[in-house]
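**Student:** Sequence lines, in order, name chains A and B. Just so you know, we're using the UniProt record's numbering here: the first sequence kicks off at 1 and counts up by one. Just so you know, we're using the UniProt record's numbering here: the second sequence kicks off at 1 and counts up by one.
None of these hints come from the bench; they were simulated from the model. None of the values given here were measured: they were computed from a predicted structure. Keep in mind that a hint or two might mislead.
Any copy, or any two copies together, can satisfy a pair, since identical chains are not distinguished.
Stated by the list, open to error - 30 Å max Cα-Cα, derived BS3-like pairs, lysine-lysine:
(1) 303 <-> 410
(2) 191 <-> 410
(3) 94 <-> 13
(4) 369 <-> 410
Chain by chain, the residues run as shown.
Number of protein chains: 2
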Amino acid sequence: MTQAIATEKTPTKPTFSKLVSKDGGIEYEAKALYVCEETFSPLEVAYDYDVIRAQVSRESIEAGPNSIWRYRPFLPVATDNVIDVGTGMTPLVKSQRLARRLGLKNLYIKNDAVNMPTLSFKDRVVSVALSRARELGFTTVSCASTGNLANSTAAIAAHAGLDCCVFIPSDLEAGKVLGTLIYNPTVMAVKGNYDQVNRLCSEVANSYGWGFVNINLRPYYSEGSKTLGFEVAEQLGWKLPDHIVAPIASGSLYTKIYKGFQEFIKVGLVEDKPVRFSGAQAEGCSPVAQAFKAGRDFITPVKPNTIAKSIAIGNPADGMYAVEQAQKTGGTIESATDAEIVEGIKLLAETEGIFTETAGGTTIAVLKKLVEAGKIDPDETTVVYITGNGLKTQEAVQGCIGEPLTIDAKLDSFERAWERAQTLERLDWQPVLV
Amino acid sequence: MTQAIATEKTPTKPTFSKLVSKDGGIEYEAKALYVCEETFSPLEVAYDYDVIRAQVSRESIEAGPNSIWRYRPFLPVATDNVIDVGTGMTPLVKSQRLARRLGLKNLYIKNDAVNMPTLSFKDRVVSVALSRARELGFTTVSCASTGNLANSTAAIAAHAGLDCCVFIPSDLEAGKVLGTLIYNPTVMAVKGNYDQVNRLCSEVANSYGWGFVNINLRPYYSEGSKTLGFEVAEQLGWKLPDHIVAPIASGSLYTKIYKGFQEFIKVGLVEDKPVRFSGAQAEGCSPVAQAFKAGRDFITPVKPNTIAKSIAIGNPADGMYAVEQAQKTGGTIESATDAEIVEGIKLLAETEGIFTETAGGTTIAVLKKLVEAGKIDPDETTVVYITGNGLKTQEAVQGCIGEPLTIDAKLDSFERAWERAQTLERLDWQPVLV
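Throw the hints in and build the complete structure from the sequences for me.
**Tutor:** In structure tokens, the structure reads:
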């Protein structure tokens with residue numbers, strides 16, 4: 001989905017050439033590999049930051065496309081032939097009404113509920129993964145998904161003309177299933193939770209020649225989340241915030257925002273400063289929050305039981321990295337109950353006009369808890385990450401919001417209903433004493 | 001929802017000061033008025049194009065915010081204190097796979113399915129109407145809606161802290177009702193169709209001091225649709241297309257895109273050239289298409305009966321203006337059946353990764369018909385307008401798309417399902433002869 005008027009691109013020197021193991025620094029070719037054969041540690045893309053530094057400036061980025069591809073030298077693609085579906089550069093909203101409600105003075109909302117094309121931050125990671133998949137010669141792409149990733153993989157594969165087979169847990173929200181099927185991929189609904197889906201996909205990835213965006217393409221895929229760090233820094237006027245609050249599922253998003261900030265410091269685009277990283281989980285699937293609270297150096301897997309299905313990963317791959325990051329930056333990892341999650345969704349909608357899904361409700365609920373516990377300073381520049389759209393998880397709020405007043409198409413019918421509504425509202429605010 | 005880093009704005013000379021009747025040029029104060037007391041013709045905003053010409057250039061627009069407000073001198077607001085929720089500047093997609101499927105060489109898709117904040121073009125008109133409502137001193141805003149407008153009015157009112165009461169037909173799609181209620185406005189579900197809702201609202205507008213965005217604020221509101229013309233011209237590199245295809249409900253969107261092009265010509269931002277305007281209606285509510293086909297100079301109202309509820313206006317206010325515009329520009333107004341609308345939704349999703357609602361399905365279905373009838377030249381630069389998101393009208397495609405294959409979390413269960421899927425697909429393409 002190239003923008004109509006693309007800026008002319010000149011081929012530039014690649015900024016990466018290999019993968020390295022996260023712990024031992026063992027090198028691998030930049031192919032569809034994701035785990036070190038010797039240490040079993042995950043593999044990461046190794047960049048040449050001198051090359052990046054020579055290619056980027058604030059001005060060159062600002063003159064780039066209005067999408068994640070303005071940060072292309074920081075992303076693991078070798079050619080200029082990327083899949084640009086307009087992903088990224090979502091609004092960073094200076095909150096007025098939510099901030100006042102919470103008592104914060106400098107609250108910003110990074111709104112990926114309106115990310116393109118499928119309304120979640122997953123469009124970022126999938127745009128990167130499928131661009132790389134095409135470079136590596138894959139013709140069929142796949143993923144293990146809690147819903148948003150399946151939407152995004154199916155949509156962007158359709159756009160790019162790649163064959164697509166996605167795997168989801170069979171109990172997903174209707175909107176997420178339909179929002180995948182519409183693009184006409186093969187959809188495998190697996191009887192089991194996400195962790196079981198993920199294990200099955202690892203097996204399939206070993207025997208089929210497919211590009212699984214979050215398995216054998218994971219080193220490339222996960223880099224896409226750095227753009228949530230890059231954009232916030234740029235949108236704050238090339239400054240880092242004081243505190244961020246983001247949801248934690250696998251822990252990848254949370255740790256890659258940090259990596260994005262660090263890379264901007266490394267190449268001189270922003271000044272170094274401390275940033276506190278706080279994380280949000282649903283209480284019904286909070287292995288990372290539990291490890292953080294207990295001060296443990298390991299994650300105890302859990303069986304998910306929450307309405308926040310999109311972040312319900314019981315055995316999170318990057319869980320310990322997330323705990324360490326919260327500890328070293330002075331942040332907190334907190335959880336919210338399902339009821340609090342619904343209240344979080346409603347609070348954001350009523351105050352800011354942003355309708356988020358359960359993951360966003362979790363993040364807002366945790367933001368509120370952190371403020372109440374004095375863990376966010378009212379003056380801090382705080383950025384809260386909203387990662388998905390509420391139209392996909394309508395079940396979560398059904399029955400928990402108001403109802404329409406049904407009336408006849410006549411003025412007197414309206415007037416009676418309006419009077420009733422006003423009375424109810426007054427009663428809401430000033431309960432009659434009995 | 002101000003963008004984090006707003007460009008500093010200097011107050012500029014207002015570009016409008018009054019309303020005039022569309023037929024007789026009778027002048028009115030620029031207040032909440034919408035119909036000429038003498039001729040009953042609609043009122044329009046009267047601009048001083050010399051003032052606009054002095055304020056705008058391609059460069060000044062390109063340096064403006066990444067939203068409809070980059071065109072602020074062309075919009076009817078008096079101050080710089082506008083409500084900017086990031087609306088507009090949605091992608092203009094150069095189509096590859098849909099274009100190939102249809103046999104077109106220069107097809108572009110203007111994608112308002114990802115407009116901010118509520119995923120339809122209505123965010124444009126509501127951003128303008130509520131900005132003006134605030135200037136005129138309204139504290140309660142309202143609308144008569146087929147769904148998208150209610151979503152948008154409720155969300156942007158919530159953001160701006162305005163009280164809100166919206167009116168919808170009681171049989172709307174669940175996603176549109178929930179996508180309004182979440183922002184906590186008062187919702188009146190009227191037993192009747194949109195035309196009845198609209199009549200009731202006219203009565204309410206007369207006796208309550210509310211700003212109805214599409215009734216007493218309609219002269220301001222409708223101007224927001226011009227931005228769909230402005231953006232296409234700018235995104236095509238400051239050129240007009242040869243042919244546009246847009247949905248027709250009231251006819252306002254369709255005629256305002258034309259007005260947008262004309263204004264850009266008038267102030268010298270683009271060169272004058274012929275643009276053909278074709279329009280799309282659902283067969284179950286096609287009073288404008290019927291008038292066009294019969295060559296009538298009046299609209300015969302109809303009772304809507306179609307799945308395309310968002311464009312189901314049986315007595316369209318600007319219907320005759322739309323017919324005249326199609327006639328004078330050499331375009332066509334065509335309709336599509338409900339089955340063709342569903343196929344249109346699927347076609348766009350499968351080829352471009354864009355999930356639109358029924359209105360968009362109508363437009364794609366009509367685009368296909370026009371190509372097949374030889375009414376669009378393969379070489380013409382054609383822009384098709386997609387105005388809303390498919391997640392809001394999930395009912396329309398349920399049962400018409402594929403289903404997930406349910407499997408156990410085991411490799412052999414997957415393998416059996418995958419083999420079955422491949423066989424089915426082969427059968428699909430190469431039916432066995434019996």
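**Student:** Which numbered hints turn out to be false for this structure?
**Tutor:** 4
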